[in-house]
Amino acid sequence: MTIDNQHWERISAYLSGDLSEADKKAFESWLQSSDSNRFLLEEARKVWESSGLKLQLNDPATEEELVKLQSHIEAERQEKNKVVSLFTGSMAWKIAASIAFTAIAVYAYISVKQGDENVIASGNEVMTLYLPDSSRVWLNTNSRILYSGNFTGKRSIVLEGEGYFQVRPDTAHPFEVTTNATSTVVLGTSFNIKAEDSTTTLTVAEGKVHFAARNVKADESIMLTPREQATFRHQQKTITKSKSHNMQFAAWRKLNNPQYENEKRNSALHLTTSYSWRKNQINQSVIEGKITNSASLAAFKNIVLSVTYSQPGGNVKTTKLVINESVRPGRTIDYRRRLLDIFTDTRTLKVYIESAEVDANDNY
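Counted from 1, the sequence shown has number 100 at position 100 by the UniProt record's numbering; the numbering is strictly sequential.
Just so you know, not all the hints are guaranteed correct.
Claimed, not checked - Simulated crosslink set (DSSO-like; lysine-lysine; CA at most 27 Å straight-line): (1) K24 / K279; (2) K237 / K25; (3) K264 / K208; (4) K301 / K290; (5) K317 / K25; (6) K264 / K24.
Stated by the list, open to error - Cβ-Cβ distance ranges computed for the label pairs, FRET-style: (7) R227 / V322: 49 to 57 Å; (8) E21 / R336: 17 to 25 Å; (9) R278 / G123: 46 to 54 Å; (10) K320 / L269: 30 to 38 Å; (11) Y352 / G313: 50 to 58 Å.
No lab work stands behind these hints: they were computed from the structure. The beta-carbon is built from N, C-alpha and C at its ideal position, and this holds for glycine as well.
Work out the full structure: start from the sequences and follow the hints.
Pasting the structure below:
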């Protein structure tokens with residue numbers, strides 16, 4: 001993925017509230033075009049919120065600082081098996097204190113891509129990260145993953161502990177997760193793996209997954225589909241397959257997870273709306289729009305839309321609309337509402353997301 005200063009400038013202006021309405025709509029379209037774009041925004045948002053840094057565009061020192069930063073990254077790259085944590089608050093604070101925002105964001109992205117061997121560990125907090133192919137991974141506490149190279153060829157991951165994987169589809173490059181005892185191969189799907197001392201358990205959320213003990217022939221693997229689970233017992237060297245009735249098998253992602261806590265506290269920051277407005281045959285304003293949730297884990301419901309519209313003479317009115325439907329992470333819902341302005345010649349109309357409630361019953 002190519003990252004240039006224009007992207008960071010647009011992200012900076014978006015977070016600072018400096019985009020015009022037209023530019024904001026264009027930015028939101030760009031945001032929804034790929035998971036990678038949403039990841040860049042979330043990385044930027046976390047640095048912004050954790051450091052309190054004021055975003056400054058066109059900083060003459062940025063290019064110079066970026067060169068220094070890249071030199072620093074290259075020096076770090078030569079330290080093999082270096083554990084990299086993208087989401088620790090202390091790291092974001094130290095970087096924010098020393099360089100411009102653009103350089104911070106570049107560092108957050110590059111640090112996981114450099115080097116012949118990449119080791120990412122979660123420590124005592126749940127970690128959310130994106131792999132170079134845009135696949136997303138949640139690591140449970142005290143877990144880690146390892147992968148080699150730039151991930152452009154074979155997509156191979158070594159897992160220690162527990163991880164939930166959302167794999168970007170790529171039929172030409174299967175995605176493999178190995179533990180000390182098992183091998184899991186997919187083309188593009190979502191699944192949870194928990195590797196313990198005596199057992200390794202795989203639970204499938206979406207798609208099809210091939211699961212086997214390590215070092216066995218491909219035709220000896222078993223295939224699992226959504227809501228199925230397989231457990232490999234290391235000592236007995238047996239695999240059992242069953243239906244999974246536990247809808248909470250990946251609920252651990254919301255525990256000890258600073259990113260999820262931030263999403264709950266700042267619901268409106270993770271929701272965007274695009275809309276159109278027209279008058280119908282009885283002169284009533286009809287608003288048709290979409291609401292997109294860019295959060296990684298939090299689902300939102302009872303979304304309050306603030307609608308401001310102007311009347312002849314410059315009189316401005318504001319009303320509230322509530323969308324009860326829940327919108328899950330990474331998803332978009334449609335809405336259609338009418339205003340009680342039949343006897344008004346409404347001139348302009350704007351819609352903003354004011355607030356939302358976290359949907360605690362969502363099992364995403």
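Evaluation of the provided hints:
1. K24 / K279: Between K24 and K279 the Cα gap is close to 24 Å, so the pair holds against 27 Å.
2. K237 / K25: Violated: K237 and K25 sit about 55 Å apart, past 27 Å.
3. K264 / K208: With Cα atoms ~31 Å apart, K264 and K208 exceed 27 Å; violated.
4. K301 / K290: Answer holds: K301 to K290 is near 14 Å, not above 27 Å.
5. K317 / K25: Status holds; Cα separation ~23 Å.
6. K264 / K24: holds, 23 Å
7. R227 / V322: 49 to 57 Å: violated, 33 Å
8. E21 / R336: 17 to 25 Å: holds, 21 Å
9. R278 / G123: 46 to 54 Å: The hinted range 46 to 54 Å holds for R278 and G123, with Cβ atoms some 52 Å apart.
10. K320 / L269: 30 to 38 Å: violated, 19 Å
11. Y352 / G313: 50 to 58 Å: The hint (50 to 58 Å, Cβ to Cβ) is violated, given that Y352 and G313 are roughly 23 Å apart.
Checked against the numbered hints above, the structure breaks hints 2, 3, 7, 10, 11 and satisfies the rest.
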